[in-house]
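Asks: What follows is the residue order along each chain.
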Amino acid sequence: MVEAYVPPVIITAIWAFIGIICPFFARGPNRGVTQCCIMLTAVTCWLFWLCCYLTQMNPLIGPKLSSNEIMIMAREWGNPIKDTMDVTV
Amino acid sequence: MGDMFRSEQMALCQMFIQPEAAYTSVSELGETGCVQFRDLNCNVNIFQRKFVTEVRRCDELERKIRYIETEIKKDGITLPDIQDNIPRAPNPREIIDLEAHLEKTESEMIELAQNEVNMKSNYLELTELRKVLENTQGFFSDQEVLNLDSSNRGAGVVDEATAQHRGRLGFVAGVINRERVFGFERMLWRISRGNVFLKRSDLDAPLNDPATGHPIYKTVFVAFFQGEQLKNRIKKVCTGFHASLYPCPSSHNEREEMVKNVRTRLEDLNLVLSQTEDHRSRVLATVSKNLPSWSIMVKKMKAIYHTLNLFNMDVTKKCLIGECWVPTKDLHIVQKALSDGSAAVGSTIPSFLNVIDTNEQPPTFNRTNKFTRGFQNLIDAYGVASYRECNPALYTCITFPFLFAVMFGDLGHGIILLLFGAWMVLSEQKLARIKNGGEIWNIFFGGRYIILLMGMFSCYTGFIYNDVFSKSMNLFGSNWVNNYNTTTVLSNKHLQFPPKTSAQGIYPIGLDPVWQLAENKIIFLNSFKMKLSIIIGVLHMVFGVCMSVCNFVHFKKFSSIFLEFVPQILFLLLLFGYMVFMMFFKWFKYSATAELQDETPGCAPSVLIMFINMMLFKNTPPLKGCEEYMFGAQAGLQKTFVIIGLICVPWMLLGKPLYIKFTRGRRVSHVNHNGELTGNMELAEGETPLPTGNEQSGGAHGHDEEPMGEIYIHQAIHTIEYVLSTISHTASYLRLWALSLAHAQLSEVLWNMVLSLGLQATGYAGPPMLAVIFGAWCLFTLAILVMMEGLSAFLHTLRLHWVEFMSKFYEGLGYPFQPFSFKTIIDGEEEE
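Heads up: the protein sequence lines correspond to chains F and W, in order.
Each residue of the first sequence is one higher than the one before, counting from 1 in full-length UniProt numbering.
Each residue of the second sequence is one higher than the one before, counting from 1 in full-length UniProt numbering.
Watch out, some of these pointers could steer you wrong.
As the list claims (entries may be wrong) - Derived DSS-like pairs: lysine-lysine, alpha-carbon spacing no greater than 27 angstroms straight-line:
{"id": "1", "chain 1": "F", "residue 1": "K64", "chain 2": "W", "residue 2": "K589"}
{"id": "2", "chain 1": "W", "residue 1": "K589", "chain 2": "F", "residue 2": "K82"}
{"id": "3", "chain 1": "F", "residue 1": "K64", "chain 2": "W", "residue 2": "K500"}
Hint data in this document are derived by calculation from the structure and do not stem from the laboratory.
Bear in mind the structure is a predicted one, so any value in this text is a computation, not a measurement.
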């Protein structure tokens with residue numbers, strides 16, 4: 001299992017590369033427009049991903065599922081239901 | 001970066017052109033499309049300008065070309081499309097050739113048309129005569145009626161009077177339109193008091209009217225009468241009803257001969273007619289090859305003469321003077337065009353260009369390529385930017401598709417939009433040739449890059465929202481696990497997973513797929529999307545306010561930075577920026593796995609309530625075991641922020657007017673002695689001198705012409721508008737949440753109510769039912785979710801840009817640069 005902080009770091013690094021390094025490679029008559037577009041894309045997309053990530057970081061409520069759905073999840077996503085005590089604390 | 005950041009620098013130039021080189025020089029300038037000419041002859045009537053006769057010549061030529069075009073279209077010949085070598089404007093020799101050509105062709109066409117009409121009427125008469133002869137066979141075959149036909153004068157054997165004495169019947173034969181038959185019969189009955197006997201037989205095949213070419217149904221009639229007077233009356237009635245009379249011999253042999261005669265004549269006429277048609281087609285075919293290029297040449301010629309009419313003729317008649325706006329970067333192109341024009345005519349005296357200084361506001365010119373043109377049009381639709389103002393279109397290229405995608409976030413629909421945009425972009429060469437696709441197609445095609453980008457961003461936001469046609473994708477493994485045992489699961493209809501024990505990690509990219517299955521999905525998503533909307537909104541607005549600094553720096557209004565920008569940004573950041581900060585802080589602080597009780601989810605305060613309490617200096621007592629504030633210094637910090645925000649309001653309200661008042665006072669202090677003189681005169685009238693003195697001896701600065709009262713009022717309006725807009729625009733960004741919720745719910749409803757029925761169908765009828773239902777689901781998806789929701793999101797994004805973003809810094813009081821360009825003239829006329 002990877003550490004918890006690895007995915008955010010990787011994704012931030014990717015958008016940072018796109019937003020900060022890539023503009024230097026822009027060429028052509030529309031260089032300014034291209035650079036501006038790349039930087040704006042990186043900023044907006046990274047911000048969008050960040051908000052989604054932070055919302056799920058410390059969720060205040062959990063999903064409410066029907067028993068059918070729980071059983072399907074258990075079978076398809078590999079978390080079989082156990083017969084031991086409920087872990088609720 | 002200077003491309004689209006602000007509009008280009010323009011220069012007002014004067015051109016001095018030799019009259020003989022004028023036509024070619026203006027032709028070269030039209031090809032380049034870089035200059036916008038000003039009308040120097042505003043007060044001259046259109047019909048009194050110098051080149052009016054030439055314009056009339058062009059009008060004549062255009063009329064001839066139009067006539068020939070209609071004739072070509074009548075014959076169904078298609079005109080070839082000129083795409084690549086668009087011809088240049090013709091030089092004088094070519095103009096004379098063109099005129100001669102068109103004159104010859106037009107007169108030929110008119111002559112052919114006239115001949116054709118004549119021949120066709122002849123043909124019609126002969127055909128009717130033949131029909132009369134054939135159809136009256138039945139009337140005369142029984143008896144030999146003496147041929148008392150009124151048009152027969154040849155056989156002078158029988159005296160008409162004696163024939164009538166003998167009581168024989170005379171007759172007239174002719175053809176009449178079928179509609180008129182009954183009226184005709186009634187009229188004959190009336191005028192003859194029942195003494196006329198009419199026999200008629202309808203013609204089955206319609207005959208073509210020579211003038212219009214329409215088929216008309218006719219009837220052959222024979223009217224039998226007795227007496228001379230009746231004959232005249234009948235003839236008059238026939239003329240009145242437009243019936244054509246024909247000589248019809250009564251004897252059988254004569255009739256046979258006449259029929260044969262008529263038949264041969266008809267065949268000859270047919271031959272001539274078809275030969276004429278062939279000739280006409282040949283003429284039209286040869287002309288049609290050259291016609292489009294002639295048409296363009298004439299259009300260019302006319303445009304050149306219209307432009308030359310804007311020039312001023314120098315008093316000494318030595319040269320033409322024109323004034324024009326030219327982008328500074330294109331001055332060398334204009335120089336080259338002028339020298340090319342002079343060289344083409346072989347003139348020894350060169351034309352030259354003179355840049356003049358002016359205080360007038362130049363037109364706004366943004367150089368766009370095919371990608372940025374769509375976005376620039378979106379901004380220009382609201383208002384053309386003032387000269388050298390910062391251009392929001394540059395940022396709109398990305399923020400517009402992004403905000404659209406926040407509202408449209410669905411990977412499936414995003415792919416549909418992306419494919420549509422990609423198809424239009426990849427085949428744009430071919431699709432650009434479609435001339436009459438309709439207004440809606442032109443709009444979609446013009447915005448193909450916008451649609452492409454909207455599709456790409458929608459795919460991204462759909463991936464983050466984890467929504468593909470209302471289903472989620474489990475790519476990285478869900479992080480919510482079930483910790484209930486079997487009996488609990490089986491005995492409870494619904495179970496909610498507590499985050500403390502069931503949440504095991506964070507889904508790396510996007511929303512966890514479990515949420516799509518959850519019943520309380522909307523509660524979770526609402527919180528997420530609302531916060532997202534406010535965060536995006538506040539950042540967008542802060543960006544807008546910061547753009548005003550660029551404008552202030554460029555126009556050298558440095559005082560406005562301190563008097564307008566600083567209080568505005570402080571107000572926005574300290575209040576709404578702080579709210580964004582609270583959102584982020586809340587995301588980090590409250591966790592289900594926290595040790596302290598005041599950090600557990602039960603104690604998480606509502607950001608909105610905290611904000612309201614902050615503004616109203618109120619306190620709500622927290623729940624037991626929880627704290628009211630999120631961090632220690634929050635109370636004091638909030639009070640400070642609100643107080644600074646309140647101070648910003650009078651700062652915005654009074655800062656600029658007071659500054660203007662002080663600077664005006666200082667500027668006119670050294671011309672006070674002038675003001676005193678007038679001031680004394682006005683004292684005599686009982687007025688106070690000082691304020692009026694300030695206004696009269698003001699400088700060239702625009703503001704100095706405005707009275708102080710107006711400045712205060714303007715600033716008050718701006719301040720109230722800004723303060724209220726911070727609240728209302730921030731709330732307005734919540735439409736990002738609302739539309740994305742509506743989209744997701746519509747998508748889910750469509751799946752659950754339409755496609756599920758097909759997927760759950762059993763038995764042999766299942767597959768065809770699924771096929772039909774899938775078709776219906778596709779139709780609804782495209783019509784409602786892609787088209788309707790797409791247009792709706794487009795509109796709301798446009799509103800967010802125009803109102804919430806651009807009202808922070810945009811003036812938009814410019815006028816667009818409309819250069820004299822043949823390309824725009826020809827394209828514009830083709831659209832009509």
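Asks: All hints, please: hold or fail.
Replies: For each hint, the structure was consulted:
1. K64(F) with K589(W): 24 angstroms, holds
2. K589(W) with K82(F): Not OK: K589(W) and K82(F) at ~33 angstroms, beyond 27 angstroms, violated.
3. K64(F) with K500(W): Judged against 27 angstroms, a Cα distance of about 14 angstroms means the pair holds.
When held up to the earlier numbered hints, the structure conflicts with hint 2 and nothing else.
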